[in-house]
Structures are given as C-alpha cells and as structure tokens.
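Asks: So the sequence lines, in the order shown, correspond to chains G and C. Note that the numbering used here gives residue 522 to position 522 of the first sequence, counting from 1, and the numbers run on in steps of one. Note that the numbering used here gives residue 136 to position 136 of the second sequence, counting from 1, and the numbers run on in steps of one.
It should be emphasised that the hints constitute simulated quantities derived from the structure, not laboratory data. There could be a bad hint or two in this list.
Stated by the list, open to error - One-sided excerpt, in silico: chain C residues whose CB lies under 8 Å from chain G: (1) Glu-20; (2) Leu-29; (3) His-30; (4) Arg-68; (5) Met-69; (6) Ile-91.
Built from N, CA and C at the ideal position, the CB exists for glycine as well.
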Amino acid sequence: MDTHNGNSASEVGSSGETETRKGIRTGLKNKLIWTMLGVGALPLMLAMILSYLQGTKSLQGVIGASFKALAYETSTKIDLLIEGEISRNIRHAAHPSIRSAIAGFNQTLLALDPVALQKYFEAESAGSSRSILETEASRVLKNFQKRKILSVLATQALYVTDAFGVLRASINDFPGFRHNEKPDWSKTIAGGKEFVYIGPVTFNEKTESFLMTFAFPILDENEKTIGVLHHVFDTKEFFSGAIEPITFGETGHVMMIDSRGMVIDCPILPTGFLLPDPVLVRSVTGKNPDWVKTMGDGHGGEDLSIIGFSPLEQTREWITRSESKNWYTFAWQASDELFAPMHQLFQWISMAGVVSILLIGGMGSLAAKKIVEPIRRLQKAAERIGKGEKVETLEIKTGDELEALANEVNLMNDLLQKSFSGLENQVRAKTEEVLYLKEYTDSILRSVPDAVVIFDPNLKIEYMNGAFETVAQQTADQLQGHSLMDLGAESALTWKVVQDELLNFYSEVVPVTSRKLGNQTIQCYTAQDPLAPKDSPSLQSMKQTVKLDGKVFAFQIFDIVIHDDSGKRLGLLLRDVTEDVELHNQLAMAEKLSGLGTLAAGIAHELNNPLVSIMGFAEAIIGEEDSEKIQKYASKVFDRSKHMSSIILNMSGYARSSGLAEEKEVDLNERIDAAIDIAILTSYNNDIKVDRNFSELSPIKAKPEEIQQIFINLLTNAVQAMEGKGRLSISTEGQNGNVLATISDTGPGIPQEYLSKIYDPFFTTKEQGKGTGLGLNIVHQLVLKHGGKIDVSSQKGKGTTFSLTFPAIS
Amino acid sequence: MSIIDNASGTKGKILIIDDEAEVREVLRLHLESAKYNVIEAADGEEGVTMMKSGSNLLQVGLILCDIRMPKVNGIEAIDYLKKEAPSIPIIVVTGYPDSDLAVSLMKKGVKDYLVKPVEKTTLLSKVAEVLAAPQEFNYV
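Just chain G, same shape as in the assembly (with noise of 0.2 Å):
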C-alpha cells in the first residue's frame, strides 16, 4: 500500500519535476548527505590523517627503541664474547709452560750481546721453524686449540712471541720470525700487566681474508711481561656466530662496523666493505647507545631508514689503549620491510577512510531518504493543497516533527476542504443565483413590450430586446456593434432623430463623479431618476416621437449606472404610442367639446348683443322716416355687423381638429388675443380688467389652432376661477431665442397639495359635468410637443401665474 503510494507519487512527480519542484536547487537529500558528509567524514578523515602520522611516529620510536635494544644487546654479547675470550688467552698465556719456554729463550737472549744477539737472530729465522712447532710450548698451544668452541674455529694463528718479538712457539707455520716491528707486539710488551691489545681488522692477503689480532701479555712470577702472546682471528667467523644468528623479519639484521664505517661482520655485506655514506656513519657511531632515522641504509638504499646502534663499551676501552677503531653494533632493516606495516597502516586507514566515506554516503544516502521522503510528501500534499486539489489525509508516522508537521498539514487540508467545500457550495449557490438573476433579468428584458437598447460609450448598440428588433426589422447578431445610423435608408431621416438626440442627452449627463463606498472612491455615472422633475425639456425625452412604418413611437433616452470604468452607456427606449396618440387626440377633442357648451353659450352672448342692435337698429330704421335718425342707426347696424364679423372670425377654428392642421409661423401675441375674446365670454360676470402687456416677438413654429387652444385653457380656466371678475394680466416678451408669456389672474389661486397635480388628465377640482379634468393636461402636452416649458406658481387668495416658453424660429 505504502510502496504503490510512492510510486504513484514519484510518477506523479517526476511528469510535473520541472514543474512542480521549481525553486529546488540543491535537493533536500543530497544536501543532507553532504552535510553528512561534511561532517562525518572530514573529522573522520583529518583523524585518520593524524593517527597515521602519531602512528609512524610512534612505531618508528618503538622500532627505534627495538632496534636500538638490539644493537645495545648484541654489542653487549660481543662485549662478552670478546671478554670471555680475552679471559681464555689471558689463562692461557699464563700456562707454566709457555712461561717458562718464553723464560728460557729471554735468559738465552739476554745473555748474548747484541751482535750475537743480531746472529743469532739472522741465524734463527733462516732455520727451520719447523722446530718451533714442535716444542713444547707449541703443543700447548695445540691444546689450547683442540676445544671445539667459535673462537677456536675462527682462529688462523695462535702463537707466542718473547721479550725481543721472536716467535717462540705456535700452532702452525703462519706467523713471521721476527714482530718486534709489529703494534701488537710493541704495544703489548710494553703496555704492563693489564694491557689487551686488540688491533684493527686488516687484510691478509695470505689468508685472503680480513683478520684481526688480539695479543695478551705473558707475565712471569714477578708480573713481569716477559712475553706475548699472539691471536689472531677471521674476524667474521668471530663474530658471526654472535651477530649472524640475529635476524628479524626477511630481511633486519644486526651488524658491526668500526669508526671509520668498515663492515666488522654483516650477514649481507662482505667484511672490509666500507660504507661510502659518511653522513651515516657519522650518525650511526655516537658514544652512547641510541638508534637515528637516516635516509640510506648503508646496504644500497636511499630511502628513510631506522637504524638502532651501540658501541661496543667494554671493548672500547681496550680497543682505545690499542689506539685502534672503535666497534659499534648496529641494528638495522631494510626500508621496505621496516615500513611495510606503516605501509600497510597508511593503506588500511585509507581503506577504511573510503569504507567509511562510502558507507557515510551510503548510509546517509539511505538516512536522508528516509528523512526527506515525508518532507517531499509534504511539500507535494502543500503543493496540491496550494493548487487546491483534493489531498487525502497524509499518513507520516515518524514520531517526531515532522509527524506533528504532517498533522498540522493534514489539520489544515481539513480546515481549508471544509472551508473549500463550503466556499463551492456557495459559489455553485451564487453562480445559479446569478445565472437566474440574468436569466431572469434577460427574460424581463426581451418580454418588455417596448422596444430597448443599449449603446455602449461609442453610441454602437450593444444590447437590443426583441422588441427593437421587430421595430428595426433586423436581428441582433446583424445589429450588434453598429449605430443608429446603419439601421436602415427608407428610416434614416427618423433615426437621425433619435440619433441627435442621443448625442445631445450623451453631452448633457452628468458628468462623472466620484462617489465614496467604504473608503473606495468610485468612479461612476450618476443615474437620473427617470420619475425625478427634469429641469431640461429635452430631457423629457420620453414626450417625443417618431414616426416609423406609419407608426408612431415615443422614445425616451436614459442614462445606465454600471460600476465599472467602462464608460457610460446610453439606453434607449421606444414604445409605439399610435393608439395612445390616436386616443390622446379623441380625448382632447372631447375636452374641447365639453367646454363648447360653455362656450356655445358665451358666443351666442357675444353675437347676440351685436345682433340685438343690428335687428333693434333694423326695426327702428322700418319706422322711422327722419332720414337723420336712419342714416345713424343704419351706420350703427353696420359698425354692429362688423364687431359679429370679427367675433366669428375669432371663434373660427377653435373646434376644429388641430391633428390635422400643418405647422407654420405663428405669431403668439396674434393667438393668445383670440384666445382671450374666446375665455373672456365663458363667465356671466363681464367684470375682468385684460392688461395686455404685449411685446415685439419673433414667431414660433407650430400649429396655430394648438397653440391658441393652449391659451383659451388657460385663459378659460382664470376667468372661471376668478368667476368673472377681476384682473387678467397677460404678457409677452423674447428671451434668449425663446418667446415666453405669463398669464396672471386675481383668483383664489390653486392650493399647495393640487399643485403637482394639475397636469394630471382628468384631476379637475369643478363639479362634476363641468370639467372634464383634461384641459391643463392638454395644455402640457401640448407645451411640450412644441419643444416649450411650463411653470406655474399660486398663492392662496392672491391668483395663480401660468408662464410659457416656447423656441422662437431663429
């Protein structure tokens, strides 16, 4: 189970390495196994190094030691050796026998003078020295001889000199005649009873081979040397039985040589050989036992040799009173050997120091796996959990850190799956809240029946309904991105329209504000209330219409808040209203009807008056015969008729269908004066004071029937209210490009709470069957339709003023 997980989890790993393991330089492992390493096998190695070299040291001082032991050992045996048989010949040259024959010969020769002395002499040593051998003494001396002991083997000559150096006796034919030329014999005759002479080693050539002699003093009764006697050696069957027989390893032997560096006795060298380092010799021939580290050896080497050495020190003495070379002892081995076990320590360390390298790293290799699994599995669970993918619960069971590491990791994966898995839930939550709130937003969008569009802050449709895109014949996909303008030729001139529209409202917008949310400024467009009061007519934009396919569309043109910096939009909504025009024209038909019996009435008033001159006139005329009195009522009957012309030319027009009729210039001043004599009649009190204050004005463009019809409400609706009696005051006046006229009666004036109301159709404050509640309403819708403005203003008891712009033709 472990084993798969790892290897899914290496699998996993080494397709997303590059990927995943960013970041990681060294790996964690091999750091640690450096660090291991490091830390491991460098002390491991530097104490190595050192005990290697304490080691040498300190074998080379133990071999120093053993050789030196060896060397003072041996000299001491030779010591012994060389005493022993100093000793023997000491006992022999006191033999009775010998000391008397050598007695006997000195009385003989002490006896003869020196001439005598000198034949004899001459005489002697051309005889036979034959004889000597076979005297008495000289086979004493053959007896001396016959113990078969080293000494006796190594022996070449043994044999007995007098007090004039002739021989006397001897073991055979070597010695000479005659040695009072000789050291050995001059130095011992007269070197007194304790003397040894033990002389160099020298060549002989009789014998080829190096000898050595040492010569004892014959003392008689009184201790007088009366003799001496004579050994001599092969010195290196002397010594070898004593020096040859040491020898250690394959090669370590013991050695002599004398002062001046000749081989005494040496298992390998031949004896005479002298050693040609003198710096070795120098070394190897201290006074006190001791061994020395050379390079060279002596025996051909040139390398680090450890050489123990002694001198001989009871020897010297005797040698020293021989005025001879002094003996040493000298241990020695052959390099090569003597190091093989340093050699052989060195390679071991070294072994060892890479044994334990490699299983340092081995081993290490093995701990930081072991280590860094769990940490790599860590960071491939963080990673995961980073990237927020599912992490099962990490299994770490190492006992220490990193399993309390692995349970907080495992806490927190949790914590955070639970928090995700919540946070899903309520993004799943909010993205279908969303997607229905679009949805929801879309399907009210796409059911309003009026036809709506978005443009986006280049004025290019962004978002149309179904319902613009029946009214533009074309679909969605087709419009999206374009403009107005591309909507098509046979209509371009209606939307040119709403075009310039659009860019007039774009420039009047608020421009952008700052708003403060929180502490975060943002930046936005101020949405206009579309229910707020406009203080611009254009902005009333929902009051214009165009025509298009016959129908007729109101538009209106709004300002859409989005939180964002992707600039301001523009909708744009267009709702056919030909039914609602067709039945604002009936009801405003009806409403002038209505007030046509009103008015009916105040007319008939009007002509009646005239008409009761013209026919009282006429009457009188038929019965009067003063021609005076006829020619004045026939003039007043005529001046009459004129006064009912003019009053029906006012009243011409004012049912009349006013959808029909063309715009032209119209002259206010001209149309509110009709309107006047029209409103004037509708009270049966004839008491109202018209102050006409009428100025010079530039026309209008509009339909006259509508604008007089504007005035004959207004006007109607003050005579009404002041009941016929008071002032109306009327001006007009240019203003800026515009016309504006102010009507102001003296009437109850129009309470506070009905003020926002009176555009409203059918809000009438009359009783019933005497307004239709329509006629302040078609005054504004008719203001408006003419690009013009109303304001009213009222006080209770002092009269209400009504005051009208209107564009003036520029």
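Position chain C relative to chain G; hints supplied.
Replies: Below, chain C without anything else, positioned relative to chain G:
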C-alpha cells in the same frame, strides 16, 4: 327729475339693466315708441342702487335685466331684487340661450326669459302681458 315728474307718468317706469349701451338704446327705442317711461342702469349694481333711490321702488313697474354684466351680474341682481321687492316683475333679456339658466331663474320668480335678439313686437307684447297681470304681493 322733480317729485312731480317722478309721480306723474303715464304708464309707470320700466328699468333696463344692461351693460351694452346700444342694447339699452334699442330697448329704449322700442319701449318709448309704446309710450313707456324708461330708466336705464349699466350693470346690476347700478340697477340695485337705482331701485333703492327715490321712489323708484314704488314707481318702477317692471325690470328688464341682462345676465352677463360687470360688477353685479344679472343673477345676483335678480336675487337681490326678488328679496327686497318681490312684487316688481322681472323679465330677463339675455344673449345666453341657456335653458337650465332659464328654468332656474323662472323658479326664482322671473316672469319671462327672452333670448336676444328680441323682436320689437315680442318685447312689447311680453312687457304689456307682464304689466297687465295682477301684482303679486307676498303678504306674509
């Protein structure tokens, strides 16, 4: 005008209340041709004032009254006159051919409601008819 003048008079006085001077002139022409004594008032107020002054309240036998007039209109004047002198007959001569108005005024005791223009014969016969009728006195 002296008291004698006022007291004399052939057929008594007729008061014309109308704001149109020419209408008054025509009516005077018609009535004087029938030998009626005519006095004029230009509006309701003047008519009422005139009725209060002198002996008019006793001498005036008939009032011809218009409806649409400044200051005090005909309806108001009639209301006042019917209250103060209910016995004086009133004939309305107006330009309004308004039957509702006519009915309401007749209910108030107006003797007749003539719509302008009124022919001379019609006017004189109505005036004669009203003057011939016995005076209505309210004795209560």
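Asks: Please go over all the hints and tell whether each is borne out by the structure.
Replies: Results for each hint:
no., hint, result
1, Glu-20, "holds, 5 Å"
2, Leu-29, "holds, 5 Å"
3, His-30, "holds, 7 Å"
4, Arg-68, "holds, 5 Å"
5, Met-69, "holds, 6 Å"
6, Ile-91, "violated, 14 Å"
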